[in-house]
Amino acid sequence: MSSSGILALFIVCFCTSGRLWATATQNEMQNFTTLIVDMVKRENLFASQGGPVILAQIENEYGDVMSAYGEEGKAYMNWCANMAQSLDIGVPWLMCKQDDAPEPMISTCNGWYCDQYQPRRSNIPKMWTENWTGWFKNWGGKDPHRTAEDLAFAVARFYQLGGTFQNYYMYHGGTNFGRSAGGPYITTSYDYDAPLDEYGNLNQPKWGHLKQLHDLLHSMEDILTTGNVSSVDLGDDSLWGTIYSNEGGSSCFLANVDQGSDKTINFQGINHTVPAWSVSILPDCLNVSYNTAKVSTQTSVMVKKANVAEDEPISRKWSWRPEMDDKAILLGKGDVTVNQILDQKDAANDLSDYLFYMTSVNLKEDDPVWSYNMTLRVKSSGQILHAFVNGELIGSQWSKNGGESFVFEQNVKLNHKKNTISLLSATVGFRNSGANFDLAPSGITGPVELIGYHGDDEVVVKDLSSQKWSYKIGLEGLNQELYSSQSLKWQEDSFPVNRTLTWYKTVFKAPLGTDPVVVDLLGMGKGLAWVNGNNIGRYWPSFIAEGDCNLEPCDYRGSYDSSKCLSNCGHPTQRWYHVPRSFLNDNGDNTLVLFEEFGGNPSSVNFQTIAIGSACISAEENRKIELSCQGRPISAFKFASFGNPQGACGSFVKGYCEGSKDALSVVEKACVGKESCTIDVSEDTFGSTTCGDDVIKTLSVEAIC
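Numbering-wise (numbering that gives the first Met the number 0), the sequence shown opens with residue 0 and increments by one.
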């Protein structure tokens with residue numbers, strides 16, 4: 000590990016999360032894997048060639064699904080191992096979450112915690128290929144958060160109990176541009192609460208707390224890799240002591256896995272208080288250099304700032320176009336016609352989120368289904384459906400979680416002649432993991448039925464599923480590339496709002512500076528967005544995160560899972576969308592194009608930048624702390640106190656004792672006007688206190704950037 004906390008060498012992953020198909024598909028997998036291996040070899044990147052790639056992985060978490068395929072699953076896993084080994088790359092191959100991986104494959108652990116993991120074979124190292132730093136977000140879901148204290152606890156415990164290698168998933172958050180978000184219903188943002196956020200900013204305190212941990216572990220590298228390991232009985236099942244020793248000395252770990260109580264440990268004649276759910280690391284087995292529950296790095300409060308390059312959104316001018324200009328769609332004319340309902344991913348070949356299912360029905364007066372009380376009933380796979388009858392939208396429906404099928408049923412008025420039915424199905428990411436994920440239905444699954452209600456008891460059903468259906472992939476605007484075309488005309492008059500299937504276009508000036516850029520799409524419904532022809536992803540700000548969130552500070556103690564420490568209840572699942580500066584023209588105009596599916600109002604759409612607004616630290620004495628505004632100067636201090644201050648970032652208050660020197664003046668002199676500064680947290684810096692020996696003296700500061 001490097002001092003930054005990132006592995007300095009690399010792993011190449013050949014992951015398919017796959018299932019066993021026909022031999023032809025295995026051939027394709029082998030061809031692809033061979034192609035990538037040959038590319039790496041040509042550049043001399045494997046460690047066996049003097050390069051930085053020290054490990055390679057074949058398959059991904061296949062052990063979670065293998066049993067669903069019986070003996071064929073086991074045979075496929077062995078085939079993968081043999082195929083990978085035959086490529087002769089000169090570095091070890093991994094199979095994560097594959098306990099029965101055949102030699103010489105190395106089985107590894109993925110998860111939030113891997114300290115208790117032990118490889119089934121005793122001759123392979125204990126490795127952690129995915130330490131989940133947070134979790135992904137679904138449309139309609141809340142914001143996940145994994146605390147820095149818990150993540151550091153998991154890492155320290157892993158190395159305390161014999162871990163040799165761990166890798167973060169994710170270390171750097173990202174963005175699912177275009178249609179790349181899987182799912183179903185994975186958001187465009189894939190921030191993951193990672194140490195580096197979606198935009199590349201330091202996610203503090205998580206990044207800094209882990210950096211300090213890895214700096215310390217790196218300094219202990221020799222003794223951790225060559226030392227003898229012994230466990231110490233501390234007389235309590237929740238306490239764990241571990242000693243690593245070699246000729247050069249010894250290093251120790253003291254862990255308290257109790258979820259509620261701090262514990263005092265007398266270790267080698269010295270008392271050490273270890274907070275609940277934490278690990279203390281003693282590089283010399285005498286002095287604690289790091290405790291996972293004591294965060295002494297800054298908390299950065301990120302803020303969004305208005306685009307001062309122009310007066311938006313007041314100055315914004317919008318043009319628009321209707322999507323449904325081509326009447327052929329509403330008349331039921333598509334590209335392919337068959338006498339059945341097709342699965343969307345097969346019919347659309349993953350070329351678009353959108354697929355029209357179109358048919359027509361002639362109803363005579365004596366048709367048994369005919370009634371003045373008729374409905375159209377459609378069973379869908381659980382994403383989005385818009386139903387048109389004779390050119391009119393009769394209703395839309397979508398799933399709350401994208402994974403459950405639903406039945407759409409709406410009243411419909413039909414004629415004693417040809418009636419056209421056009422069903423627009425929209426997907427929001429296909430399943431991409433789990434057993435038989437490739438067989439999961441998508442789009443309209445059927446049946447599609449007309450229901451005639453005759454009086455109180457008589458109901459007649461006319462099944463349309465097996466009649467002639469025409470299919471059209473995508474939308475006219477997508478096929479015409481409205482998002483980048485300069486030749487097509489747009490309507491410049493006042494634009495409609497809350498109109499389904501509508502295109503909007505505007506121009507804007509790029510925000511000044513170098514800070515990351517986002518577009519605020521509050522007021523829009525759901526759709527796709529492009530900046531200068533670049534698809535920045537699906538948007539859906541009208542989808543509110545439902546449920547209750549605990550407003551109390553997140554308690555790091557106890558096992559983490561994706562239902563813990565949630566926030567953003569009652570707000571849009573995702574309101575802001577990342578616009579990389581590489582997509583922007585710094586000089587001149589930029590173009591924003593929105594395809595609005597549900598209906599929205601673009602009047603309030605605006606661009607903003609993301610920057611650090613303030614930075615807070617609480618650190619115990621006898622430490623040196625660093626404050627940074629990450630590229631901008633520290634302009635002022637809102638709070639500073641050395642003694643026993645209380646509260647949290649944004650709400651610090653002074654305690655009953657303080658240093659004799661004015662802490663605010665001290666930190667202002669040391670830091671104001673600088674991008675970063677270092678402060679020695681001690682009575683030498685802030686003066687003696689009257690706190691007493693039983694108080695751990697602490698410095699709390701809040702700086703304004």
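Don't take each hint at face value.
Stated by the list, open to error - Here are the simulated lysine-lysine pairs, DSS-like style, with alpha carbons at most 27 Å apart:
| hint | residue 1 | residue 2 |
| --- | --- | --- |
| 1 | K660 | K673 |
| 2 | K304 | K504 |
| 3 | K210 | K623 |
| 4 | K504 | K363 |
| 5 | K210 | K332 |
| 6 | K378 | K467 |
| 7 | K653 | K563 |
Said to hold, decoys possible - The calculated label-pair distances, taken between Cβ atoms and stated as ranges, are:
| hint | residue 1 | residue 2 | range |
| --- | --- | --- | --- |
| 8 | L392 | Q117 | 33 to 39 Å |
| 9 | N584 | S260 | 56 to 62 Å |
| 10 | V335 | D63 | 32 to 38 Å |
| 11 | V228 | K637 | 45 to 51 Å |
| 12 | A305 | W489 | 37 to 43 Å |
| 13 | V694 | P552 | 18 to 24 Å |
| 14 | A434 | D236 | 52 to 58 Å |
| 15 | Q117 | V335 | 37 to 43 Å |
| 16 | N77 | G512 | 20 to 26 Å |
| 17 | A439 | Q25 | 19 to 25 Å |
For the record, the hints were derived by calculation from the structure and aren't laboratory data.
Virtual Cβ for every residue (Gly too), placed ideally from N, Cα, C.
### Query
Where does the structure disagree with the numbered hints, that is, which hint numbers, in rising order?
Checked against the structure, the hints that fail are numbers 4, 5, 7, 8, 12, 14, 15, 16, while the rest are satisfied.
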